[in-house]
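A.B. asks: Below, each chain spelled out in residue letters.
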Amino acid sequence: MSLLEIQRLSLSIGDTPILRDVELSVAPGEVMGLVGESGSGKSITALTVMRLLPWAARATGRVVFDGIDILAASEDQMCALRGDDIGMVFQEPMTALNPVKTIGEQVAEGIRWHTRASRADAEDRARKMLDRVGLPAAQFPLSRYPHELSGGQRQRVVIAIACALKPKLLIADEPTTALDVVLQAQILDLLRDLVAENRMGLLLISHDLAVVTEMADRITILRHGEVMEAGDTARTLSEQLHPYTRQLAQASMHVPARARTHEVGQDSPQLQAANPLLQVAKPLLQAESVTRDYPGRRKSLLKRAAPIRAVDDVSFSIDPGQSVALVGRSGCGKSTLARMVLALDGPTSGTIRFRGEVITGKSEAELKPARRDMQVVFQDPYGSFDPRQKVEKLVAEPLHVLEKKPTNAERREMVAKALHEVGLSPRDMDKYPHEFSGGQRQRLSIARAIITRPKLVVADEPVSALDVSIRAQILDLFAELNQKLGVAYLFITHDLTVARAITDQVMVMHDGKIVERGRTSEVLDHPQSEAAKALVTAAPDLHRAIARRLQEQG
Amino acid sequence: MTAYLLKRLAIALITLVLASMVVFAVLEIIPGDPARLMLGLNASADQVELLRNQMGLNAPLALRYLHWAGGLLSLDFGRSYTYSVPVIDLVRERVVVSLPLALIALALSTIIAVPVGLFSAGRHGRAGDTIAMGAAQLGVAVPNFWFALMLIYLFAVWLRLVPSGGFPGWSAGVWPALKSLILPAIALALPQAAILARVTRSALIEVLNEDYIRTARAKGLPFRAVLWRHALRNAMIPVLTILGLQFAFLLAGTIIIENVFYLPGLGRLVFQAITQRDLIVVESVVMLLVAAVIAVNLLVDLSYAVVDPRLRSRQ
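As you go down the protein sequences, you meet chains A and B in turn.
UniProt numbering applies: residue 1 is where the first sequence begins, and numbers increase by one.
UniProt numbering applies: residue 1 is where the second sequence begins, and numbers increase by one.
A few of these clues could be false.
What the hints assert, rightly or not - Interface residues of chain A toward chain B, partial, derived using beta-carbon atoms under 7 Å:
no.	residue
1	CYS79
2	GLY83
3	ASP84
4	THR95
5	ALA96
6	LEU97
7	VAL100
8	TYR145
9	HIS147
Stated by the list, open to error - Subject to a maximum C-alpha distance of 35 Å in a straight line, what follows is the list of computed DSBU-like cross-link-like pairs (lysine-lysine):
no.	chain 1	residue 1	chain 2	residue 2
10	A	LYS431	A	LYS368
11	A	LYS362	B	LYS7
12	A	LYS484	A	LYS513
13	A	LYS390	A	LYS368
14	A	LYS368	A	LYS166
15	B	LYS179	A	LYS101
16	A	LYS404	A	LYS282
17	B	LYS179	A	LYS303
18	A	LYS282	A	LYS405
These aren't lab readings, by the way, just hints derived from the structure by calculation.
Beta carbons: idealized from backbone N, C-alpha and C, even for Gly.
Extracted from the complex, chain A is given alone in its bound form (with noise of 0.2 Å):
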């Protein structure tokens, strides 16, 4: 029997239709993935399980947990259910926690408040709970607060909290999609634990495939509001019988085609005779032995703990046209050492050479000749926008570090220009940045960062926010740019699929220090150091998966 059973679900908010006769159901003990782009009504659905809809959605159909009639029960036995018997696992674990409440205090609640114990014991069993999902009392007394954890330790205690009364069923919404590679894989083992020890249904609801197919018995398929398909999942996926799903695992796997045009140091003199790019003799960038440190935690008035270095004596270079890939856990000082090429921050010790020009330790002034020539896309394609701008004005602010200022109409014509090459009609021109979806304001970032014709290009993350295929399509983009234009980019990713979708080389960095350097497939296939094994075992990956899955079921 189910533990489970969602029946014809269809959901509106006012006038807007979300989801339409959604079927679903999930065992005992079952994993059952629900995957879907943004937008496609997963986590309405999750939402419509615990009840804690916006309170203008109207649900129809039948959603059944163990016996009770979800959408039927009383607000009463929701609270009595929610916590208790269905717990819940949010995407961004930054945000998930109370700030001003203790971990201690937010998991004992839970426990508190439906089984009436006394704050003691209430306490004892949320000690157990957070000793269960790693977090050892000797590191994470109960007195810690959230703002003194990690986003993997805070995901720990919203997991703690989730099945802290071991429920019997555990919604997780995009569980380990603000998470590096390696913690998300440590999440995820937690996850599967815990079924296992409580035979707990788990409702995993994620973007991407890959791990889902890792995690998930049973997988649904949804878009737009409608279940596409649905059924085993290493059946549904290795079979690919319905044309979305085949659309949705091509586009998780997707590498843009693209002619090799950098690898130094490994191509045949032919090919370097047959591309200019590879005769220039000087670097594009150069770091020298960078170093970044921050000043410790103030200890009291005069006393400090002992700086913190980010950066680490790091020295590399970039060629012109050549893409570079820098990877590594979160916090091991990557967007640091971006900052610096970028000149955003100086480096504690160490130079950085852009074409030539030393760029540490100077003045506004005297950067702007590189500054024209270095441009940045962000992870963000919805905060990186002032929304009361319109598009041509946001286009075209780097401009203003072009040494003649263009006319009205020369800027238009430019602005026209960058928004063509990135597959965007001129007349998008006159809009503002809210009337574009997330992979469009991705592609207006990137001609933003292109209309000065810019040498190079760090991007920070610039796919991790996208759907799978609008992220093959900005994929794409990127690696057709590096093509027409011969821009150099310097990728920052905790995502290996990027690095090796699109780049020559890969930077492995950890703990503030470039632990390995190679041919992207090299590296990935291949990694020598322990930091870059770790990611590259870590790295969820759709063909390893189903795979493994086959095997498994024979």
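Once you've looked at the hints, dock chain B against the given chain A.
C.D. replies: Chain B in isolation, oriented as in the chain A frame:
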């Protein structure tokens, strides 16, 4: 934590010193010779000069400032020009009226505003919220002296529960004294409560959209419990900020209210002193009010750290 405390304390002290300079300078600049005012229009130039020397008015500016500021520190505020008694005695008499009045009003405004804010935020967009916020809008718009008149009419004239004005003094007993302060305190508190209720509501509504509220709901806490246990404390920072800022307006409000209710408080004292050009009294009372506002805001800064653990661990 200690670093945070010391930094706040240092800022408060620096503000106090700067404020004293401004107060002293402003009263130096405005026209009107206190010596001439004390002696009247018929005094000769020699007499005025003699008195100016006696009062130390001819000394250099910096010296006079230091003398005055030093006096403040040792609670020697000088002598009133008009009453010829030490200012400290005048102030001491009046503070025991004004300080309780301001504190009662502050407490009242909080006691009214926070529950109204909670009520409204919990019913965001529904009828109860609209009515409560409509009332708050009215409270912001109507001046406190009009409230004072209405309160006098209702409770003093019509119901005869409390006196319509005057102050019997604390020597007459705590209850009669409190009774004559209760209407002025309400009149002072209402407009402040209205502003504070709106701030509380909007802070709560913002907090209710946070992810951790959803986490708390997913634990099985009913909405009301989430509102009290998780939302309120997180919404306190903006509420405390406004509370601190409002204290200054509250003190300014006492000048009007004390006049409406014939209360012998600091407000009335400073009002009279201004009309009589009793500059030394004005200076002293203003400095006292400034010190009170700075002290309250220091307390607000410190309470931030109590509310939010992130401030405690930051340098």
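A.B. asks: Evaluate each hint against the coordinates.
C.D. replies: How the hints compare with the structure:
Given the 7 Å rule on beta carbons, the hint for A:CYS79 holds: about 5 Å separates it from the nearest Cβ of chain B. The closest approach between the C-beta of A:GLY83 and any C-beta of chain B is roughly 3 Å, which is under the 7 Å cut-off, so the hint is satisfied. The restraint placing A:ASP84 at the interface with chain B holds, with a minimum CB-CB distance near 6 Å, inside the 7 Å limit. The beta carbon of A:THR95 comes within 4 Å of a beta carbon in chain B, closer than 7 Å, and the hint placing it at the interface holds.
With a least beta-carbon distance of about 5 Å to chain B, the hint placing A:ALA96 at the interface is held under the 7 Å criterion. Given hint, A:LEU97 at the interface with chain B, holds; its Cβ is 6 Å from that chain's nearest Cβ, closer than 7 Å. Checking A:VAL100 against chain B by beta carbon gives a least distance of about 5 Å; that is within 7 Å, so the hint holds. For A:TYR145, the interface hint holds, since its Cβ comes within 7 Å of a Cβ in chain B; the closest pair sits about 4 Å apart.
Of the supplied interface hints, the one on A:HIS147 holds, with its beta-carbon coming within about 5 Å of a beta-carbon of chain B, less than 7 Å. With a C-alpha separation of about 29 Å, the suggested pairing of A:LYS431 with A:LYS368 holds against the 35 Å cut-off. Pair hint A:LYS362 plus B:LYS7 holds up; C-alpha atoms about 33 Å apart against a cutoff of 35 Å. The straight-line distance between the Cα atoms of A:LYS484 and A:LYS513 is roughly 33 Å, inside the 35 Å bound, and the hint therefore holds.
Taken as a hint, the A:LYS390 and A:LYS368 pair is honoured in the structure, with Cα atoms around 25 Å apart against an allowance of 35 Å. Pair hint A:LYS368 plus A:LYS166 does not hold up; C-alpha atoms about 59 Å apart against a cutoff of 35 Å. Under the criterion of a C-alpha separation no larger than 35 Å, the hint pairing B:LYS179 with A:LYS101 is inconsistent with the structure, at around 41 Å. Simply put, A:LYS404 and A:LYS282 have alpha-carbon atoms about 27 Å apart, close enough for the 35 Å limit, and the pair holds.
Among the hinted pairs, B:LYS179 with A:LYS303 is inconsistent with the structure: their alpha-carbon atoms are about 54 Å apart, more than 35 Å. Restraint check for A:LYS282 and A:LYS405: satisfied, since their Cα atoms lie roughly 30 Å apart, inside the 35 Å limit.
Hints 14, 15 and 17, counting from the list given before, are not met by this structure.
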